[in-house]
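> Let's have the full structure, built from the sequences with the hints guiding it.
In numbering that gives the first Met the number 0, the protein residues as written are 0 to 530.
Errors might be hidden in some of the hints.
Said to hold, decoys possible - Have a look at the derived ranges for each label pair, beta carbon to beta carbon:
| id | residue 1 | residue 2 | range |
| --- | --- | --- | --- |
| 1 | Ser467 | Ala263 | 49 to 57 Å |
| 2 | Asn257 | Leu19 | 42 to 50 Å |
| 3 | Leu136 | Ile50 | 39 to 47 Å |
| 4 | Arg173 | Trp30 | 24 to 32 Å |
| 5 | Ser464 | Asn257 | 48 to 56 Å |
| 6 | Glu125 | Ala81 | 21 to 29 Å |
Since the hints were derived computationally from the structure, they do not count as laboratory data.
Quick caveat: nothing in here was measured; it's all calculated off a predicted structure.
Beta carbons are placed, not taken as given, at the ideal position from N, Cα and C, and that holds for glycine.
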Amino acid sequence: MRQPGSIAFSLNAVFFFFFLLTIILGLFSIWRLSDFNRGSADIRGHWLPSIRFLSDLNNFTSDFRAAEATNLLSSSEADFNASENEIAELDQLVAQAQRGYESLGHSPEETKLYALFCGQWTSYKEIAGRVVARSALDRKPGAVEAYMTSSRAAYNTESDTLGRLTEFIASSAREASGRADLAFQQARLLIAAAMTVAGLMTIAGFLYVRRWLAAPLLDLASCMRRLATNDTKIEVRGTERRDEIGQMARSVLVFRDNAIALAASQHSLAHQASMLEEKLAYERRLAQLQNNFVSMASHEFRTPLTIIDGHARRLAKMNGAGQPYEIGQRSSKIRSAVLRMTNLIDSLLHSTRLIDGELYFHLANFDMRALLHEVCQLHREIAPASQIMENFGELPLPMEGDPKLLFQALNNLLSNAIKYSPGGGPINMTSQIDAEQLVVSVQDHGIGIPDVDRGKLFLRHYRGSNVSGIVGTGVGLYLAKIVIELHGGEIGVQSREGEGSQFTVRLPRRSSGTKPGANFVVDRGNCDKSQ
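Spelled out as structure tokens, the structure:
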């Protein structure tokens, strides 16, 4: 048995209410429409047939009078016989219409008028019969006189009575039609009002089901979905209810508390696992960096060491017998190889310290033109076969910044231009002053940069897809970007694969806007504040 207050009991009550409401509305509609149906049936069953029969009587009696006149005007025996036959036929039609009218129920006033008409019609027929009889005896003058006097008076009397009866029936029919129309209007209004009340009650029932049953169930379902996604910050409503929804709400509350306890345990375990994963990832990163460094160093150092070893062996074999020019040339190549190794070692040390954020940011005033020329000269000595073209103008380019860091950044750009131009070709390094900025560009005609790599070019350890076979670590451009941004500048690139690249550096001539990282220490001790 359903307990009062349960969901099943509430739903059964709501459904029974709607069922009862439907039956009541249907019965009410039938009751109201029955009044209209009675009025319509009265019109169909009495007034319309009465009007039809009276119309026939009016037509037939009028035709009877016309046939009487035709009989008087007949000039031959055939015409006379035809008119008599027409009079007899019309007399039968009138009698038939009378029988039809008499078969209907009538009010006393209708009956009185109809009885008067019947008496007058009988009198008229008797007079008309005498007129026709005189006409048959060739007594035309007397028949015509009777037709124009007594016969016409009798016909007019019965015609007036029949007209009054017809008007009375038509008036009664109009009144019945008005009553039927009024009954229909009242029924329609009452049914519309009943439907409005039923609609309002339906809306009230719908709102009750939605607010008291559907909304709490949807809320509990939402709570369960959020609990399934480990969201424990939920508010469980309805725990005070005594029906099934209250039981479900209290169960969800227990699930939430258990989920909170479980989430706390999982969070602790996840934190410990995260710490272990971070340490493992850090160790793997260190191992990978060490492997990269060893691989890069083995490739980078092998070439100058091979050059030094080869020329040293040749000098040993000369045993003092070589020409001074040849000895000087080989000594110069050994020195270039040593210089290349020294530059490589310095570059690696500076790169490592810059990435780890352990360098001081020494601000100083210096001549940028001299620094750019020094970078070019260094690479002419390291790579004598390269064609380095410089265009820095004749005047000094005063700058404020860290010359060592800028030297390293520009050195990386020129080194890349030489490295990624395996076919040779000129490398142009230019500078110019643009407003309050110094613009430095390095242009080569090497392998270029593919379009897909251009957006990731300055990421750490990222290398282009077309540099396989060319040694490198992928940190040169990353470090150059860091140094230039430390000086408040920006770096950009224009390149087309197979045609070369042009890197453009824009630096403010004064570094008042410099914002180095948290691990960089700014030292302005060597900077001339008055300049």
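> Hint by hint, note whether the structure agrees.
Results for each hint:
1. Judged by the Cβ atoms, the range 49 to 57 Å given for Ser467 and Ala263 holds: they are separated by roughly 51 Å.
2. For the pair Asn257 and Leu19, the supplied restraint of 42 to 50 Å holds, since their beta-carbon distance comes to about 45 Å.
3. The given range of 39 to 47 Å is respected by Leu136 and Ile50, whose C-beta atoms sit roughly 41 Å from each other.
4. Range check, Arg173 to Trp30: about 26 Å between beta-carbon atoms, so the 24 to 32 Å window is met.
5. At roughly 52 Å, the beta-carbon separation of Ser464 and Asn257 lies within the given 48 to 56 Å, and the hint holds.
6. In this structure the hint that Glu125 and Ala81 lie 21 to 29 Å apart at CB holds, the actual value being about 22 Å.
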